[in-house]
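Participant: Spelled out from the first residue to the last, the chains are:
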Amino acid sequence: MRRKRGKKNNGCFADKVRNCFGGNHCALRGAPASLKDCKGRVKVCKVNGDRKICARMASMGLYPGVEADIICAEKGSRCLLKVHGGTISLDPAISENILVTSL
Amino acid sequence: MQLKIALAGNPNAGKTTLFNQLTGARQHVGNYPGITVDHKEGCLLHKNKKITITDLPGTYSMTAYSAEELVARDYLVNEKPDVVIDIVDSSNLERNLYLTIQFLELGVPLVIALNMIDVAKDRGIEIKVEKLSQLLGVPVIPIIARSGFGEKDLLEAAIDTASTSNNGNTTLDISYGKDLDSALPELISLISENNFMTDTYPARYTAIKYLENDEQILKKGRQNNTEIASRLEEIVDKLADHTRKTLDVYPEAIIADQRYGYIKSIIRQGVETHRFDTDRLYTSDKIDKVLTNRLVGPIIMLLIIFGLYQFTFSWSELPITWLESFFGWLGGIVENTLPDGLLKSMIISGVIDGVGGILGFVPLIMFMFFGIAILEDSGYLARVAFMMDRVFRMFGLHGSSVMPFIVSGGIAGGCAVPGVMATRTLRSPKERMATLLTVPFMNCGAKVPVLALLIGAFFAESKALYMFLFTMLAWVVALLAAKLLRTTVLRGDPTPFVMELPPYRFPTIRGLLIHTWERTYQYIKKAGTVILGISILLWALMTFPGLDNEQKGFFKQQRQETISSFSQETVKELDLKSKPSSEEAIALAKKLNTIDNAETEAALRYSIAGRVGRSMESITRFAGFDWRTNIALIGGFAAKEVIVSTLGTAYSMGEVNTEEPESLGERLKNDSNWNRVVAVSALVFIMFYAPCFITVVCIAKESSWKWAFFSIGFNTFFAFLAAVAIYQIGMFFQLG
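If you read the protein sequences in the order shown, they are chains W and E.
One rule links them: number in the working numbering = place in the first sequence (from 1) + 157.
One rule links them: number in the working numbering = place in the second sequence (from 1) + 756.
Since the hints were made in silico from the structure, they are not lab data.
Every residue, glycine too, gets a C-beta built ideally from N, C-alpha and C.
Any given hint could turn out to be false.
Estimated spans, in silico, between C-beta atoms of each pair [said to hold, decoys possible]:
(1) W:Arg-198 to E:Glu-989: 36 to 42 Å
(2) E:Leu-1269 to W:Arg-198: 50 to 56 Å
(3) E:Gly-1063 to W:Arg-198: 32 to 38 Å
When the alpha-carbon atoms are kept at most 20 Å apart in a straight line, the in silico SDA-like pairs for lysine to any residue are as follows [claimed, not checked]:
(4) W:Lys-209 to E:Asn-1353
(5) W:Lys-209 to E:Asp-993
(6) E:Lys-934 to W:Pro-221
(7) W:Lys-200 to E:Ile-1010
(8) W:Lys-203 to E:Ala-823
(9) E:Lys-1308 to E:Tyr-1362
(10) W:Lys-196 to E:Ser-1040
(11) W:Lys-200 to E:Leu-1047
(12) W:Lys-196 to E:Lys-1042
(13) W:Lys-203 to E:Gly-1017
(14) W:Lys-209 to E:Glu-989
(15) W:Lys-209 to E:Ala-823
(16) E:Lys-1425 to E:Gly-1084
(17) W:Lys-196 to E:Leu-1047
(18) E:Lys-1042 to W:Arg-198
(19) E:Lys-1239 to E:Met-1143
(20) E:Lys-1045 to W:Arg-198
(21) W:Lys-209 to E:Thr-999
(22) W:Lys-203 to E:Gly-933
(23) E:Lys-1186 to E:Ile-1468
(24) E:Lys-760 to E:Thr-808
(25) W:Lys-209 to E:Asp-1249
From the derived model, a few chain W residues whose C-beta atoms are all more than 10 Å from chain E [what the hints assert, rightly or not]:
(26) Ala-188
(27) Pro-189
(28) Ala-190
(29) Ser-191
(30) Asp-194
(31) Thr-258
(32) Ser-259
Looking at chain E on its own, in the form it has when it is part of the complex:
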């Protein structure tokens, strides 16, 4: 029989790290809370027993506060796993046991994994594992999820617990003080007698949740049995009035206090001993005093981001040149090996110039991801969120909106899809919607090659600075858009912000390399699959239907006329296919090349994609975009990387001189339709127009199709207006 194990615990306790260790999965982990927002499943075989492990989002309490915490709670209640492994941060035992107590109250078969036991030891905290296990009545296994220490013992304990548990009938009953304890029996008997949600929750647990004013349970109760629900609510309201009058607190505060009291009573029985003072500030706190300082903090943050770009561009420059040369050489080989025809055109223009254009940026992406992995694993990103909270509030967003912005590419290189998913951590629906609609403005990993291409071609003198400026621009525009939304269609009061900051940790080289490789591999995989497919499709759209016989005849005639104007010897010299040496032969080659280019460009203009691009030119010319750029921008709706591959294909199809292969950047630079103003206008449009198809689907899934279409329309309209303004002003002042 298959065993179902769920991994639950506080945010940033190491659940996903353990999940990856146990299943061999490569789920994203980082040193900040709220990375996992949905449950993820993985399998493993242990002693011929198939085990399904589910990694749940972190939660502080079984009273769900936000959408992702609800996922964890609902899974535990509805799916009823055979055993729950509660991952507890050993260095923060008291707070983590608060959730453990609630698991025991719910009566789930439980095993406690005492994670980061090494960190606790470093902080002078010693935990008596057997004693804790004896007092809580559940197995407690010390582990280090990062290294795999204790993993086998934990699995054994989980299997034992699953086989001996009697479906979670044993529950923990804590005394909640005179007032609440006197009301509980009445609530429990009302619940039990009427079988009120007893198939899902133990009666006492439901009673406690009513006392805690748990919104979801109250809602579920009203749906289940309105009469009983209102009677329960009546009892609880009466009690809440009483506690407010006598103690000036709500029942949930008494419950929390009693739970912590119970935890303290356990810990003080010699479970935890401290070698150092408990009020000692650790290095992490001392660093925070500087890095999160109101004055120094933001300056350090900007310097770190700028430093990251400087590092990325300077270190990736050489490998990018190598890759460009490699793809140029490869194109030359195919050009000289294969006979002229569709296959050759597809391989050179569709595959090598299309996908090669994307793969050429792999070194840059890799260095960028490496830098981000350092910031993420060290815990600094959470501090960025803390510092940005103040700015976000001014624009009607929430402190919890910062992390979705960063995940989406706040430091260039993220992805809007997990960014949209990460908005689940926001409690207010309006703040969540405003965040969800503005995170696609960030410079995701797919936009990085476009930025690198255009910045590299037109602003090569200070690439890191321009990258930094465009990143800042993305933030400013996203925040202004959020302000606009929050003052119009998404008006509403702000909600308070409270977040846990993880301690600083030294990233391990292994961890950094794994993170960097995983993301780089995803980029390469996408280039080799989705982008390859779209590139070939766009190549076909840029190739067919081809020129008609009359047009072909026109170019043939031009060629013949040119050849006949030269001597026989010159033509023979050119036929030998070796490099022409005489001036006459060189002139003939140039003229023929010009005709070939004109024919290829005419074919491209006449193609399906060319016609679409040209039909839009009457509008897009106000932003400085020609028909070839239009084709690339349409391709960008599928995935932003396609913009580079399509430009690569479009500009390679209009350029048949392969003797001196040029990079795409050089081709754009030499093209009469492109200049610095057009580059900025295009960059702004690309940064802010409609999100890619997958992000749109994700927005629809997380909200509705109405908002998904709104994001397409709103973003594209805004991006176009901005691009037109930039182009018109830039050209007026002759900045191009």
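Chain W on its own, in the form it takes in the complex:
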């Protein structure tokens, strides 16, 4: 069966290259998704993971309810997030634990 145009295929090199230049908007608009799966402006719903890291991120301005811009998201890798005018970089383990909704 022919694959639908635009359907995502992570095995395709062209898609992999495309993904390097930004992922998709959250798959389900309004439903919380992991930060690494989104792009554009998002609202943080929940920050999971280690207590110390959560507290650290809160002190850096990343906490539930805050609005942020994903500048550079790499599938399964690090992420640059603009929040409160500052840019913070997050590693895959952290970005996976941040649930956001697209705005």
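Fit chain E to the given chain W structure using the hints.
Facilitator: Coordinates of chain E only, in the frame set by chain W:
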């Protein structure tokens, strides 16, 4: 009375820039967070009042996350400065006020310096200073630390606050919501009734820190009074269970949320207005989309580093030649002016060829530092750290390890001492130790002259390319060593990495020149002091005890025999000290010169250093090092620059022909013991063997002497094995 002012604030908010402006100090500043890892003091006199200013490491919160943040917190709590100047980044007000709120909760006498007000204005952010001051109840002064704008007003405000504050008794009480507010009175009364750490912290502050699960406060509490501490922990645990069940969050998340809520309530009272959309992406963000891109980013990074080397070598080539000629000319003057003897030998071999060898590379160092200053001040180095994080993780290191690597000489030209200190930003002790032990593998500023000397002598056709390759080699070896350590003696789970990236800024010419000059001056100063001293000491070790009478007599006899084999006229022609013209006289001069060289070399071999060098030759010959190189490598334990100065001294003492002075590079190139393979083997050994003495002391200070000795042994053993492998393989394939 002396006034104590502390400068505190978020990382990269401009504390050190303000500190330098106020005190006239020249502490290192750059556009990336985490440069200051220890507190630094400076003094100034303002209206006949002596003021001590302390620059503290940046911190996001009073709950310290890493070692350098603990330095800031402990200083504020234990030293109790008369006033704290909180440097706030105006373009990032909301996040920066998070720390301000905690200062107010602690009750420290506070003045807010609203820094980078010009950047905020450019971004369309307008801040109503009076309103903010009125709502927070503390003076707020707009400043531009880079230019000195607002500096006087800030000092006046700080002095006023110090004189009117009643030792910080006024504290800010924020509501932390129903659950936490109901638990706080119980905690506070338990703390107050038992005087639990009340001499250091206000009772409410300690209660909040317990709710925030602050590790250091919990530890301190247990040491102070185990019973009260466990009762407090019991109350907090119960509350945390409750918040987890009802809200699915820990108390610290509620505290952060309430603090930001309080900050928002202040800001929304007309304190901050935006001319542009708040979700607008600035140029800096747009640049990041390209420069930190997964595919394009690393390629641009490698091109930038290669470009830096190309720029450094091409622009410094001519001034280096001038300096070499100058020192050659100076040596010639001394040779022709001073009578033969120890003083002349010391000045020529110990000072001019030793220190001159180092000073000859000043132009190269200067251009290299200039390039690094551009990368540092623009904010690009922080992006390098971001991009390298992925690679570092593969080798068991942390994203925060990247900056210590760069500071140590990741782009050739740093210093391992601040690199070792910069590991304080790492939270995990094992990741920190792995970083601390591998940063000396980077090509620090002291190794640059050695690299430049050997690359210039043996790979002159593409110097920048070889410099680039040796830089890459340093990274690869450091990462492999880190992997080895992390899978053996320093095994442990990785910790998450989160870092703030500063916005790109246009470096100012003044800033670049200051940074370049400061580092170049340090290099020149070190060459004129420590290296000069070591050069003279090594010259003495290479001179004494000298040849015995029997050996001297042997060379004297050889000279006489040579002279007697020529006619009287030829000898007279040579005595006139003008350049010999006849073939006979030239032949005699050459023969006498050969005898002189043989005598000097024999004296050098017979000297203390020569004997040590020769005793090691039986082992080091497997790596292609002769006894003279051995002396230089031993000298390198003191400081790596000494390798160049010692080679300069050793090869000048074996070469007495000063009519056509050769540079050290030419001498090495013409020496039968040196070739391309030996040069690579020596370079690899020098890059990776034991760190210099000061770095070893610093490693011991930051960890323990056990690890300091480990770094000496491990690095030297590894470097020697690598050098032997290179030499043996290279010679087998006749690559020399």
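Participant: For every hint, state whether the structure bears it out.
Facilitator: Quick rundown of the hints versus the structure:
1. Range check, W:Arg-198 to E:Glu-989: Cβ separation about 41 Å, and the 36 to 42 Å hint holds.
2. Hint check: E:Leu-1269 to W:Arg-198, Cβ distance near 41 Å, so the stated range 50 to 56 Å is violated.
3. Roughly 36 Å separates the CB atoms of E:Gly-1063 and W:Arg-198, a value that falls within the hinted 32 to 38 Å.
4. Straight-line distance between C-alpha atoms of W:Lys-209 and E:Asn-1353 comes to about 69 Å, which puts the hinted pair past the 20 Å bound.
5. This hinted pair checks out: W:Lys-209 and E:Asp-993 have alpha carbons roughly 16 Å apart, not beyond 20 Å.
6. Of the supplied pair hints, the one linking E:Lys-934 and W:Pro-221 holds, its CA atoms being roughly 18 Å apart against a limit of 20 Å.
7. Taking the CA atoms of W:Lys-200 and E:Ile-1010, the gap is about 18 Å. The hint holds against a cut of 20 Å.
8. Note on W:Lys-203 and E:Ala-823: the hinted pairing is violated, with a Cα-Cα distance of about 28 Å set against a maximum of 20 Å.
9. The straight-line distance between the Cα atoms of E:Lys-1308 and E:Tyr-1362 is roughly 12 Å, inside the 20 Å bound, and the hint therefore holds.
10. Our distance criterion of 20 Å between C-alpha atoms is met by W:Lys-196 and E:Ser-1040, whose separation comes to about 18 Å.
11. As the CA atoms of W:Lys-200 and E:Leu-1047 are separated by approximately 25 Å, the hinted pair breaks the 20 Å bound.
12. Proximity of W:Lys-196 to E:Lys-1042 is assessed by CA-CA distance (about 14 Å); at most 20 Å being required, the pair is judged to hold.
13. In summary, the hint linking W:Lys-203 to E:Gly-1017 is supported, as the alpha carbons are separated by about 17 Å, within the 20 Å threshold.
14. For the hint pairing W:Lys-209 with E:Glu-989, the CA-to-CA distance comes to about 17 Å; that is within 20 Å, so the pair holds.
15. Proposed proximity of W:Lys-209 and E:Ala-823 is supported: the alpha carbons are some 14 Å apart, at most 20 Å.
16. A distance of roughly 17 Å separates the Cα atoms of E:Lys-1425 and E:Gly-1084; the hinted pair therefore holds under the 20 Å criterion.
17. For the suggested pair W:Lys-196 and E:Leu-1047, the alpha carbons sit about 18 Å apart, so the restraint of at most 20 Å is met.
18. With a C-alpha separation of about 15 Å, the suggested pair E:Lys-1042 and W:Arg-198 falls inside the 20 Å cut-off, and the hint holds.
19. Simply put, E:Lys-1239 and E:Met-1143 have alpha-carbon atoms about 19 Å apart, close enough for the 20 Å limit, and the pair holds.
20. For the given pair, E:Lys-1045 sits about 15 Å from W:Arg-198 by alpha-carbon distance, which is consistent with the 20 Å threshold.
21. For the hint linking W:Lys-209 to E:Thr-999, the alpha-carbon distance of about 17 Å falls within 20 Å, and the restraint holds.
22. With a C-alpha separation of about 19 Å, the suggested pair W:Lys-203 and E:Gly-933 falls inside the 20 Å cut-off, and the hint holds.
23. Restraint check: the Cα-Cα separation between E:Lys-1186 and E:Ile-1468 comes to about 19 Å, which is no more than 20 Å; the hinted pair holds.
24. The suggested pairing of E:Lys-760 with E:Thr-808 holds, with an alpha-carbon distance near 5 Å, which does not exceed 20 Å.
25. The straight-line distance between the Cα atoms of W:Lys-209 and E:Asp-1249 is roughly 15 Å, inside the 20 Å bound, and the hint therefore holds.
26. Remark: the non-interface label on W:Ala-188 is consistent with the geometry, its nearest Cβ contact in chain E lying 17 Å away (cut-off 10 Å).
27. With a cut of 10 Å on Cβ distances, W:Pro-189 stays outside the contact zone with chain E, its closest approach being about 13 Å.
28. Against chain E, the non-interface label of W:Ala-190 holds: every CB pair exceeds 10 Å, the least being about 18 Å.
29. The Cβ of W:Ser-191 sits about 15 Å from the closest Cβ of chain E, beyond the 10 Å cut-off, so the non-interface label holds.
30. The beta carbon of W:Asp-194 sits about 16 Å from the closest Cβ of chain E, which is more than 10 Å, so the claim that it is off the interface holds.
31. With a least CB separation of 15 Å from chain E, W:Thr-258 remains clear of the 10 Å interface cut-off, as annotated.
32. At the 10 Å boundary, the C-beta of W:Ser-259 stays outside the reach of chain E, the nearest C-beta of that chain being 13 Å off.
When each numbered hint is compared with the structure, violations occur for hints 2, 4, 8, 11.
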